[in-house]
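Just so you know, the sequences run in chain order A and B.
Offset between the first sequence (1-based) and my numbering: plus 1139.
Offset between the second sequence (1-based) and my numbering: plus 1414.
Don't take every hint at face value.
Just some of the chain B residues that point at chain A, by a computed CB distance under 7 Å [stated by the list, open to error]:
{"no.": "1", "residue": "Pro1498"}
{"no.": "2", "residue": "Pro1499"}
{"no.": "3", "residue": "Glu1656"}
{"no.": "4", "residue": "Ile1704"}
Below, in silico cross-link-like pairs of lysine-lysine (DSS-like), each with a Cα-Cα straight-line distance of 25 Å or less [unchecked claim]:
{"no.": "5", "chain 1": "A", "residue 1": "Lys1265", "chain 2": "A", "residue 2": "Lys1372"}
{"no.": "6", "chain 1": "A", "residue 1": "Lys1439", "chain 2": "B", "residue 2": "Lys1669"}
{"no.": "7", "chain 1": "A", "residue 1": "Lys1439", "chain 2": "A", "residue 2": "Lys1274"}
{"no.": "8", "chain 1": "B", "residue 1": "Lys1681", "chain 2": "A", "residue 2": "Lys1439"}
{"no.": "9", "chain 1": "B", "residue 1": "Lys1669", "chain 2": "A", "residue 2": "Lys1438"}
{"no.": "10", "chain 1": "B", "residue 1": "Lys1497", "chain 2": "A", "residue 2": "Lys1438"}
{"no.": "11", "chain 1": "A", "residue 1": "Lys1395", "chain 2": "A", "residue 2": "Lys1372"}
Read the hints as simulated data drawn from the structure, not as lab findings.
Backbone N, C-alpha and C define an ideal beta-carbon position, used for all residues, glycine too.
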Amino acid sequence: MHYVAYLARRALYSLIVLLGLSVVIFLISRVLPGDPARMALGPYATQEQVRRLQIEMGLDRPLPAQYGRYLVNLVHGNFGKSFISERDVRLDLAEHLPATTELITVTILWVIVLGIPLGALAAVNKDTWIDNAIKVFSSAAVVTPGFIVGLAFQLVFGYGLGWFPVTGRLSSHMVVPELASGFLLVDSLRAGNWSLLKDACSHMLLPSLALSFAGVGQTIRITRSSMLEIENKDFIQVARSYGVPDHLVTFKYILKPAFIPTLQVIGLTFASLFGNAFLIENVFSWPGMAKYGVTALLKKDLNALMGVVLVIGAAFVTVNLVVDMLMGVFDPRIRLKASQE
Amino acid sequence: MKAEVFGMLQRNAPGQRNASSIQGRTRASTSLAKVWYRFSQNRASIVGLVLLVVILLSTALAPYVTPYPEHAGVYVNFAEAFKPPSAKHWFGTDEVGRDIFTRTVFGYRFSLILVVVVLGISVPIGVLLGLVAGYYGGWVETLVMRATDIVLSLPALAAALAVSAVLGTDLGHTMIALVAIWWTWHARLIHSLVVSLKNEEYVDAARITGASGFHIMFRELLPNCAAPILVKTALDAAFVTEVGAGLSFLGLGVKPPAPALGTMVAKGATYLPTYWWLSVFPSLAILLLIFGLNWFADGLRDVLDVDL
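Sequences and hints are given; from them, build the entire structure.
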């Protein structure tokens, strides 16, 4: 089978998982006690009004037909109305999504620029105090809940040393440029507004670092162990015995193939990031999607919550697909195996 | 004779590669000593074990070992509110004058109950479904494995939130939400183990002697999956603690005035930095339990020689 066909099959498979997720979410929203039409209209609506809205919403039709309608709405990005904000959930999501995406993007950057070098450093200095110190750090980082790391950062670097602000994305006196995309770092760069950029960065640092801890720890571990595994391979012995300089062996022949399992772990980290973002956004009052989702949950705003869940599911599935593709790019063996299947 | 042959074959099965077990366990005492030796090779596992024993004992005896057991529930004494740590109140007092040390020890109860209930239900379900899916294959396998794909297409915390949205946000419902997610991990693990084990010779041997599918699954395959299941469950205990603490931090799970560690941290965080002890001590308590469980699981992994 050709590699492109393999990728197409993976993409189709991701689509099926997403469809499955939408079925589950649809069923959840239908088993919930309470009539959606009645909930939308409030307690003072007459029976006649409720009946009319039921027909309008298609609630009188059989479940498969209702699901079909639900799916068509989803494809058009229509998640229904939020009971709290009384707006389209789509608008609410569009408002909250950039903050979360920006936070997670910066976090992934930390995972890469901290995790891989530290893991390589540990592998190169195996069984020295450097290796041991990094090992202690990484195993602590993996298991410490993100919200505790966040609170510790707030206490030390925010309240204690006063280096960084503790909550929010911006100081209150800052003005966001017009026609903003919602991605503050990008917006401030584009507007050439350095004070805004500085303010946004200093707000970003603590939450993104706190969120990155588990991923950094995991990346250190996998980079170290896969480098040590490759270190023992014959082709490395050959390279060394030919007198290839150490730094070339380390960076070209060991680190490059070691990057493949690392990439996989970084992809998996993405999942836990969206989960932990719920907690970190809460700690730092970050005006993102997770915070919106939790508020929706505690106030029983079902449409809003399901919108959040679907967006997270879609993001997660997409990232996994992209990671799979990248793996094929980095590792010819995967391409080969896929085309032989 | 037959049992002996089966025993030999089982001992040579993957997951039990260590040379010592091939010689067989002649005396229970030597094997126990061996287990302890392997466990104690890693000093962290001993620390983990000690931590767990201390936490379990103090939690079980909470009403006797805590100085103010009545502070675990509804209790208000504003004269004693926001007192910093002292000999009288080791961890200080909270916003209504309750002893934080007492509430922390009682808070462990909910963490531990959550771990036991969630894993106690989801592990057997996952193991059973994984066994059946792996052994029989076909549409059962497709159904089970695609279900795990869908559940795992969401981060655990987000999935728990979605389920809680339907059911409600109290402790029982949080447990159901976690069970609904957690079985998938074990189903996947057992499925992959069974798929690789079911073509082993001892399984063929059992099939030829006319053993039923039930016998093969539960008497041949399951014992050979036991070690990875145990280690995974031990590691999961730490993970459930973390997710549970996270959920209670967000306001799900145990309802006030009952003390849950995550809730105490969340409430205490609103009084940072002046009254730092409100959130710092419950946070440290969560860390202690998670580290203890992880270190213990690492030791168990060494003893059982499992690579997860």
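Hint by hint, here is what the structure shows:
1. Pro1498: violated (15 Å)
2. Pro1499: violated (15 Å)
3. Glu1656: holds (5 Å)
4. Ile1704: holds (5 Å)
5. Lys1265/A - Lys1372/A: holds (16 Å)
6. Lys1439/A - Lys1669/B: At roughly 17 Å apart (the allowed maximum being 25 Å), lysine 1669/B and lysine 1439/A satisfy the hint.
7. Lys1439/A - Lys1274/A: violated (43 Å)
8. Lys1681/B - Lys1439/A: holds (22 Å)
9. Lys1669/B - Lys1438/A: holds (16 Å)
10. Lys1497/B - Lys1438/A: Outside the cut-off at roughly 34 Å; violated.
11. Lys1395/A - Lys1372/A: holds (14 Å)
When each numbered hint is compared with the structure, violations occur for hints 1, 2, 7, 10.
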